[in-house]
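Residues per chain, in single letters:
There are 2 protein chains.
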Amino acid sequence: MTDIKILLSEDEIPTQWYNVIADMPNPPAPVLGPDGNPVSPDALMAIFPMGIIEQEISSERWIPIPEEVRDIYRQWRPSPLFRARRLEQLLDTPAKIYYKYEGGSPAGSHKPNSAIAQAYYNKQAGAQRLATETGAGQWGSALALAGRMFGLEVLVYMVNISYQQKPFRRSMMETWGATVVASPSDQTESGRKIRKEDPDSDGSLGIAISEAVESAATRDDTNYALGSVLNHVLIHQSIIGLESKKQFEKVADYPDIIYASCGGGSNFAGVAFPFFADKASGKEVRLIAVEPSSCPTLTKGHYAYDFGDTAGLTPLTKMYTLGHDFVPPGIHAGGLRYHGDSALVSQLYKEGLVEAMAVGQLRTFEAGTTFARAEGIIPAPESSHAIASCIDEALACKQSGQAKTLFFNLSGHGHFDMAAYDQYASGQLEDFDYPEESIKSALESLPKVG
Amino acid sequence: MTDIKILLSEDEIPTQWYNVIADMPNPPAPVLGPDGNPVSPDALMAIFPMGIIEQEISSERWIPIPEEVRDIYRQWRPSPLFRARRLEQLLDTPAKIYYKYEGGSPAGSHKPNSAIAQAYYNKQAGAQRLATETGAGQWGSALALAGRMFGLEVLVYMVNISYQQKPFRRSMMETWGATVVASPSDQTESGRKIRKEDPDSDGSLGIAISEAVESAATRDDTNYALGSVLNHVLIHQSIIGLESKKQFEKVADYPDIIYASCGGGSNFAGVAFPFFADKASGKEVRLIAVEPSSCPTLTKGHYAYDFGDTAGLTPLTKMYTLGHDFVPPGIHAGGLRYHGDSALVSQLYKEGLVEAMAVGQLRTFEAGTTFARAEGIIPAPESSHAIASCIDEALACKQSGQAKTLFFNLSGHGHFDMAAYDQYASGQLEDFDYPEESIKSALESLPKVG
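Chains as they are written, first to last, in the working numbering: chain A, 5 to 454; chain B, 5 to 454.
Just chain A, with the same shape it has in the complex (with noise of 0.2 Å):
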């Protein structure tokens, strides 16, 4: 009988990182500061260590993975890939279906493959403390956990709407012993200002991180951690990807198409980016993002240079964005809720080499439940999002009688969602598309530069 799992021993864990910059037909366009001019690497050190700096700015195609960091890694990875063979039968479908599964970390999701990697490097820079910012908590969870494991103190701004709708991933957080705080919170001048305007503001991930800027900018002990968008980030999460090649070679496979949820990037690029070094030496392969139809950054928003943050703390990124002051809709794949996109995956969606498509929320929760009951695992919402996107293709093989393989990241999953899928089962959620009129407004909020 053949294996379900598609297993990989501690030490086939990859031993270097994998930079999409080396094969990018054009180099990545420069970050700039509010002058309009390039942002110099030194400007970055008020918050970044420097081991973050030189891989932010890398263009090295291979980045050695440090021995301490391949050590905690090895506490659940290699993470498995799963044939997804009862999800085949239930639909019927000649598609052959693979999904890798990241939600067997400590933390759930795949946000430890960059949590744990920043955390070394700042230990290694002498900081003390790391402030940064979540969305449904996943992040801010991986952040706890790995400051943890380095002995890192640990600050984490948790968007308002994800604090109130999830209190047990604040109480995981602090289990691990991090601080959490509701974002916009009055700790900070960012966070004061929004409140003032709007007392029971849901916030967004785009005001924490700026909350979260300060907080590290004004305190000389306190470095920032960004758990997707950079570079840096990207890197780190191609070890899913670059696991997952290995573990097709092991069944003789390839994807045609791969899925992945895209919020900031990171998972995206974390599965994607190491199959582009085979489509940039011309294997045909499709990689796809899929965003949520009430936050589409990709699909519906604007290429243009804008802030990363909402207070306009953070240089400015060639991205696309629905505006740095888009205060998304709160839907409950609160990790997806960025109103802007990673520098990279931005320029290679512009360039036509990576595809994007937009889901609603109602039809992301349909197909979590067809899942779980498939194949056993209930999926986080973010995850949904690749994973009805996949149904759909296999369904539309069920028509053309295709076999394509299929294959998309299971980045997280469920278990601090359920809140969300009750409301889902009792028709209590609803789907909420992007405004039309947004895109003209998002276009009048872009900074004038670049």
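None of these hints come from the bench; they were simulated from the model.
Cβ coordinates follow ideal geometry from the N, Cα and C atoms, glycine included.
Please note that the accuracy of each hint is not assured.
[To be verified] In silico negatives: residues of chain A with every beta carbon more than 10 Å from chain B:
no. : residue
1   : Pro29
2   : Asp39
3   : Glu64
4   : Asp260
5   : Ala281
6   : Asp437
[Claimed, not checked] Calculated lysine to aspartate or glutamate pairs in the EDC-like style (CA-CA distance at most 20 Å, straight line):
no. : chain 1 : residue 1 : chain 2 : residue 2
7   : B       : Lys254    : A       : Glu16
8   : B       : Lys250    : A       : Glu14
9   : A       : Lys250    : A       : Glu16
10  : A       : Lys250    : B       : Glu14
11  : B       : Lys9      : A       : Asp15
12  : A       : Lys9      : B       : Asp15
13  : B       : Lys9      : A       : Glu14
14  : A       : Lys100    : B       : Asp75
15  : A       : Lys9      : B       : Glu14
16  : A       : Lys254    : B       : Glu16
17  : B       : Lys127    : B       : Glu71
18  : B       : Lys254    : A       : Glu14
19  : A       : Lys9      : B       : Glu71
20  : B       : Lys254    : A       : Asp15
[As the list claims (entries may be wrong)] Computed, partial: chain B to chain A, Cβ under 7 Å:
no. : residue
21  : Pro110
22  : Arg152
23  : Ser175
Take the given structure of chain A and dock chain B to it, following the hints.
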């Protein structure tokens, strides 16, 4: 570098379960009917399929695992055995600590090991529906998952205090398609009787069992499934210890002491009994059942014939019991709130072949938090009972300088228990000690048979 996860391949999943009866020095005490005479297997046919009854009365050492059951086990089995190197470092102990991790199952605990098997035999026998009870929600989740895998309806009576404390366990069961009602309910005679006396009853496993048994006995299409206590459940759970033995062989080690939390006994028996086989052949190994001091069945109960449920619908079993009408305090380790214990565990304990100890609630949460901060995984409060005792021994080893090999089963994760961790962290949790005067009243409540 040595691997920290000791893994087995899917083809190393055992092909036979182990039955401890074959190695017990004395045959099990007979199960009695209300008339004091041994119950015939036929009497169980109203609520169990023949495949299960055969296992319940079997004295064969090895019971074949059906290929259909192994095939579903493969979704998450073999489960990893971890060397707890970070915990060892934190405790600064010369002891070696290992733990088997059962929280990687889709339901998050060891319970699917039996649920999958029970669903299989029921499906084979033509049942359409399974009724069961659940305490913390772990067993109910497992049966909801298993029912879905074999196309059976599942009805779960969930202990009211857990239904209130753990709404997300309910959502999890419903996501897999099960129907969940708070127990005591108004759907059964047994439930209505309790509610009449105490409309706000916290419920107990004993009450919920009465409801589920009544529900199965009164409908032809419905069978009953129990998550612990009975011999067949212990047989199914032996897969934990059988895999562990193979894993210890791979690292050429063997435990001196095995710890497992003990409510009805399925977790303890599952990991410990396969090692009992070695003990019966002269090998030195200590097997310790760890129970809550608020519900100290083995350490303070009476060894006597008693009912397995509160209403007295079950046959009489000779076991350690706190009296079938004992309602334990609403501690957070809901899976351990049971007045009785497995007949086999009880008999071996009575004969001095296995040991038992009791731990208070606060100590278990302290140990669970220590474990989470060292190893990453946040344990279920049930599992933390074993962790607490293991940590105590590791610290004793530090004093004595002994390098013992300690092993415990991490039966599940704590993702659905974060409210309890939150209460612990904010100082709102209490210890409940079993009141001494209850010992006498328990004795008086015992049925006059046997």
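Evaluated hints:
1. Pro29: holds (39 Å)
2. Asp39: holds (44 Å)
3. Glu64: Correct as stated: the minimum Cβ-Cβ distance to chain B is 25 Å, above 10 Å.
4. Asp260: Answer for Asp260(A): holds, closest chain B Cβ roughly 25 Å.
5. Ala281: Nearest chain B Cβ is 28 Å from Ala281(A), so the label holds.
6. Asp437: Holds, because the least Cβ-Cβ distance between Asp437(A) and chain B comes to about 26 Å, which exceeds 10 Å.
7. Lys254(B) x Glu16(A): holds (19 Å)
8. Lys250(B) x Glu14(A): holds (19 Å)
9. Lys250(A) x Glu16(A): Between Lys250(A) and Glu16(A) the Cα gap is close to 9 Å, so the pair holds against 20 Å.
10. Lys250(A) x Glu14(B): holds (19 Å)
11. Lys9(B) x Asp15(A): holds (11 Å)
12. Lys9(A) x Asp15(B): Holds, at roughly 11 Å.
13. Lys9(B) x Glu14(A): Roughly 8 Å between the alpha carbons, so the hint for Lys9(B) and Glu14(A) holds.
14. Lys100(A) x Asp75(B): With a Cα-Cα distance of about 19 Å, the restraint between Lys100(A) and Asp75(B) holds, given a limit of 20 Å.
15. Lys9(A) x Glu14(B): Holds, because 8 Å separates the two Cα atoms, which is no more than 20 Å.
16. Lys254(A) x Glu16(B): With Cα atoms ~19 Å apart, Lys254(A) and Glu16(B) stay inside 20 Å; holds.
17. Lys127(B) x Glu71(B): Answer holds: Lys127(B) to Glu71(B) is near 14 Å, not above 20 Å.
18. Lys254(B) x Glu14(A): Roughly 15 Å between the alpha carbons, so the hint for Lys254(B) and Glu14(A) holds.
19. Lys9(A) x Glu71(B): holds (17 Å)
20. Lys254(B) x Asp15(A): Holds - the C-alpha atoms of Asp15(A) and Lys254(B) are around 16 Å apart, at most 20 Å.
21. Pro110: holds (3 Å)
22. Arg152: Interface hint status for Arg152(B): holds (5 Å vs cutoff 7 Å).
23. Ser175: holds (4 Å)
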